[in-house]
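J.: Assemble the whole structure, with the sequences as input and the hints as a guide.
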Amino acid sequence: MRVFFRLCKQALQDVTLNPWAQLLTLAAVTLMAFLVGIFLMAIITLDHQLGVIKGETIFQVYWRPGVEQNLIAGQWRQLRLLPGFAHIQTYTPLEALQELEGRIGRNSSSRNFPFLNENNPLPATALITFTPEAEDYERWLTETTSYLARLEGVERVSSTPLRDELGQAWRTVNSYVLRPIILFLTLILGLVVGNTVRLAMLSKSQEVEILQLVGAFDWYIRIPMLVIGGLQGLVGSALALFLLRFIHLQIEQILNFPPILMEIQFLNLQTIVLMLALPTLLGIVGGWVGIKR
Amino acid sequence: MIDVRHLSHSFGPHPALQDCSFHLSRGEVLFLTGPSGAGKSTLLRLLFADLPLQRGEAVVAGFPLSKIRAAQVPLLRRQVSMVFQDFKILPLRTVYDNIVLPLQVRGMDKTHADRRVLAAARAVELENKLESSCVDISGGEQQRVAVARALVVNPRILLADEPTGNMDPELALQIMDIFKKFQNYGTTLIIATHSPELILRNPRARILRLDQGMITQANWPGAILNKFSSAVPLAAYGGGARHDSTEERDG
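Protein chains in written order, with my numbering: chain A, 1 to 293; chain B, 1 to 251.
Please note that the accuracy of each hint is not assured.
What the hints assert, rightly or not - Residues from chain B shown here face chain A by an in silico Cβ test under 8 Å; the list is partial:
#1 90
#2 102
#3 105
Claimed, not checked - Below, a list of computed lysine-lysine pairs in the DSSO-like style, where the Cα atoms sit at most 27 Å apart:
#4 88(B) - 181(B)
#5 9(A) - 181(B)
#6 110(B) - 181(B)
#7 110(B) - 67(B)
#8 110(B) - 129(B)
#9 181(B) - 129(B)
#10 129(B) - 180(B)
#11 9(A) - 88(B)
#12 9(A) - 110(B)
Hints in this document: simulated from the structure, not taken from any laboratory. Glycine included, every Cβ here is placed at the ideal spot set by N, Cα and C.
T.: Right, here's the structure in full:
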């Protein structure tokens, strides 16, 4: 064990003997891990975004202007009893007007549109979210659309079954395309990191040869190489993760505005562990195969 | 200690060593002479397991080299030290780091190793340059580093390929005296050299002359086994115990 720790210490000291080769290797590992991390962040963000809406169908119902508000309020209560109901957001004409003003940055309708207070042209609306059962979905969609359109005073009904289809499509793509791509990227990351470390080890071939000539056993020669290879992988991927986190903090909210409303997600714990472990492991493998017997 | 039987080696179609046989016991010194390309370095590298055996057999420090496994090579090299013609030192490390390397490999503690390194450095007059980087010292000093590294482990067998080639004559003789001391303590030495002065320094030494990979002259009975060899005694080197080997051939 004493020899092992001495070899580890020696490996760390040896880094200073050839600092540029080590730095360039580290830079290559960091860059590769960063690029893979960026791609994974994009995938995770998209997955999260579609995960939020997957399986949802949203109806927007518009009532004709001038319909009695008490009638509409009663209908809103009935809508909650429909099969697959999840959530409803309602707007009276006045609330719709306030919402509109809020969106354009003002607080009070009376200040901005005082002339509309008595003659509001906006209709009452409701945004109703359903999470229907997947089986017999088409029948449910037809019946619900028909029911909403037949409500007294309703002028128009629009729905977003596309979001549900998008969610289904994403799941399919995720299973058949993205997972293989992520695996492929991981493989590329491994190959690049492993090979970069292996090439860096070649710069130590003279030292390896001399150690063999003075009677060093295989493990004695390999341990410092494995330590350096593993460190290159670990430090490189850790630097890439720090860089990714820093960039994430800068761009986290950059797409979080209507109508996109997409918050960029950072890598999850599982991916972080994978991004640290894989280059470390492959750095060690690179250190191992970098030495010829 | 070293038993070589019908050893031959080729690099591609070019024979480097042909049917070479000899035996050395503990504490004996053998000088290998001959022109450049005669096969001296090839013979040394074969005995150091730095080249695979192609034909023949060599037993070095009890290891039959034709059967030696890769995992056993370090064990052989803990018995046998070699001084290479091109030194084989680590240029970016200090003199101390280079000399202590074989001791570290053997797991010797630092205090003990430091004492050994200092003694070896003193023997080759490098004690004041222990902290110097090997890129900052002369070729002759680098050669002395290689010699000190070989001696620091008290090897049972020392193989030296032109160990004094870059040294001034006075220092070269001094190094030979050190080798003789090791010989007196039982180390078996094989030294490849072009220098008659070194050989004259060891009147009891055995001498083999190689030419085009073959032993062509020797100064002791039974050394010359191949039919191409001449039986001329090595009078030019003034070596002792000379024999006309014609009568000693195996046939």
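J.: Compare the structure with each hint and give your call.
T.: Going through the hints against the structure:
no. : hint            : in the structure
1   : 90              : 6 Å, holds
2   : 102             : 4 Å, holds
3   : 105             : 4 Å, holds
4   : 88(B) - 181(B)  : 24 Å, holds
5   : 9(A) - 181(B)   : 37 Å, violated
6   : 110(B) - 181(B) : 25 Å, holds
7   : 110(B) - 67(B)  : 35 Å, violated
8   : 110(B) - 129(B) : 19 Å, holds
9   : 181(B) - 129(B) : 24 Å, holds
10  : 129(B) - 180(B) : 24 Å, holds
11  : 9(A) - 88(B)    : 24 Å, holds
12  : 9(A) - 110(B)   : 14 Å, holds
Checked against the numbered hints given earlier, the structure breaks hints 5 and 7 and satisfies all the rest.
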